[in-house]
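Engineer: Okay, here's what each chain looks like letter by letter:
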Amino acid sequence: MQPSARAEYLCRRPRLGGPADFSLMTDLTSSLLPVPAPLPRRSFLRVAGASAATVGLVLAGCGKTDPQPVAASTTLSFGTDADTDRRVLNYLLFLKELEFAFYDKVIAAFPADLSAAEQAYFRDLRDHEQIHQQVLNNVLQVLNKVTTAPVQSALPFDFSTFTLTTRAGVLAAAAKLEDTAAGAFLGIIPRLLNNTLFTLTAKMASVEARHAALVRDLLTPGSFAGPDVLDAAPLQAGQALALTPTQVAAALAPFLPTLTINIDSLPTA
Amino acid sequence: MNLLSLLDKLSAASGPASTPPAVVAAGPAPYVGRRALLRTAGQVGVRALATALPLAAALPAVAGVSETTFDSLTLLLTLADLQAALYTRALATPGLVPAAARPDLARIQELHGLQTGFLRGTDTLPGLFKAAGAVAPAVPTFDFSGSHQGAGPAQFADPFGSFDDFLQLAQPLADAAARIYLGQLATLRSNTPLLEATVRRQAVEARLAAHLRTLRRGAGALPKSWPSPTDPAAPAALASTQAGESSLRQLVPGVTGLRYVDFNALFPNTPVQTTALAEAFDEPLPLEQAAALLALFQ
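Chains A and B supply the protein sequences, listed in that same order.
So the first sequence is residues 1 to 269, counted in my numbering.
So the second sequence is residues 1 to 298, counted in my numbering.
It is possible that part of the hints are untrue.
[Claimed, not checked] Listed next, with one range per pair, are the computed distances between beta-carbon atoms:
#1 Thr-161(A) - Gly-257(B): 17 to 27 Å
#2 Asp-143(B) - Val-146(A): 32 to 42 Å
#3 Pro-156(A) - Pro-235(B): 28 to 38 Å
#4 Phe-159(A) - Gly-244(B): 46 to 56 Å
[Unchecked claim] Residues of chain B clear of chain A, computed beta-carbon distances all greater than 10 Å:
#5 Arg-89
#6 Ala-136
#7 Arg-201
#8 Ala-210
#9 Ala-292
Derived from the structure by calculation, the hints contain no laboratory data.
Keep in mind it's a predicted model, so treat the numbers as computed, not measured.
All C-beta atoms, glycine included, are put in the ideal place defined by N, C-alpha and C.
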């Protein structure tokens, strides 16, 4: 699909979290600065070849209703299912697909200075993300009463803003994604209505926190629970930082440059 | 909460002789079965807890607080006290902690102090218990040899004798802490601010546990930063910290009810490593095992 003028505008937006800057708080602060007005809603087209009941990640296609002169734009949303839990599952699934794609990419071409033990950790990290992804997929598949396995959505992730040719670059990238995913889980799973889903995703969130601690320690020993990933508010002292979907969308936008992440349908309370 | 007397009542077999706790008379019809035994004598009805949480100051009133919320928080406070005491004592033991690890342990100690402050109160904040009109239990005296202050044999090597021995206790305990928090989330489900605080605290415990595993890592790059079937066995007294972690199935909601996702069925051609299947999910530690573990040190 040709990037539209709007999509090009998105691509020209300053990237959050360049290779050497992985202070999450800085990134979050910068994302809270005045940002351009949100894109008008687009009409939606399904992913070609996928049924409506699969995974639920929806790409919006060519807009017809927007008055501004843009050729096309694309939006990633998490569905409008009456069951808000499924929207949350789609969101979590998106996070998992992002992380899996990242680790897959790293494993395909390890930097030369990543030790053998560290390479083994990265395989573990990828496997955990894949397991999480497949479990969430399976849950959605059954709930949506889809009998065939869903088409792998193959979102067009783009990790080119990361430096993945050095050990430090790979670890910094992993730390950013793991910290973001860990915060994203904390920010959304209390919104789940189903107790079993909550328990399941809380277990996943615990593993995400461990992932984050590991890669942070490998990068900077002792940074496992740094102030940038803990809540600074006095009443929340000693608690990990939870990220809202808005903050997560902003943090992850650079890795999905051709799509707009629309978090509007996620439950907020 | 006198955990020894609690366990005495919970188990069918006779345990250490103790006075059973008085059952609180206030409130609706008492829970039947074991839950009734988890009430603590002389405490204010916990429904007050909901309306007086410092976190809830700006939030609407929450419903559905149960008696067991109080017990859950008491458990978590004892756990936080235990870990705070362990790290305080370790840092105060001359020559125990290598210089490179001191800042890490100080950070961990600080974070446990923040949790005890959150629950019991600090100079500037009343703490969750006081804000609810309840009384936080006093800090227990802990015996980290597992001998119950000399009442029995030591259950494991003196954790303040060498750094390796310290880690041999601290690391499984940290894993257990993460699991205990996971285990209490279901109890706190009905109280949203408390649930959010606890799930965020659980994430911190998970990070701490991962770091202790990093500190403990040696030849063969074990243990990994997460509980794994590849883990060396914990000392026998700490077996509960590992029990139930290697699960190859997960309970999920289905169309008509709950069902299990079986990993062997989901990954028939094993594109993932077999060990990763059990590693991918941390498992909760239920209340009884958690209480028994904490009682080991009192």
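Engineer: Does each hint hold? Answer for all of them.
Structural biologist: Cross-check of the supplied hints:
no.: 1; hint: Thr-161(A) - Gly-257(B): 17 to 27 Å; result: violated (45 Å)
no.: 2; hint: Asp-143(B) - Val-146(A): 32 to 42 Å; result: violated (56 Å)
no.: 3; hint: Pro-156(A) - Pro-235(B): 28 to 38 Å; result: violated (50 Å)
no.: 4; hint: Phe-159(A) - Gly-244(B): 46 to 56 Å; result: violated (37 Å)
no.: 5; hint: Arg-89; result: holds (20 Å)
no.: 6; hint: Ala-136; result: holds (16 Å)
no.: 7; hint: Arg-201; result: violated (5 Å)
no.: 8; hint: Ala-210; result: violated (4 Å)
no.: 9; hint: Ala-292; result: holds (21 Å)
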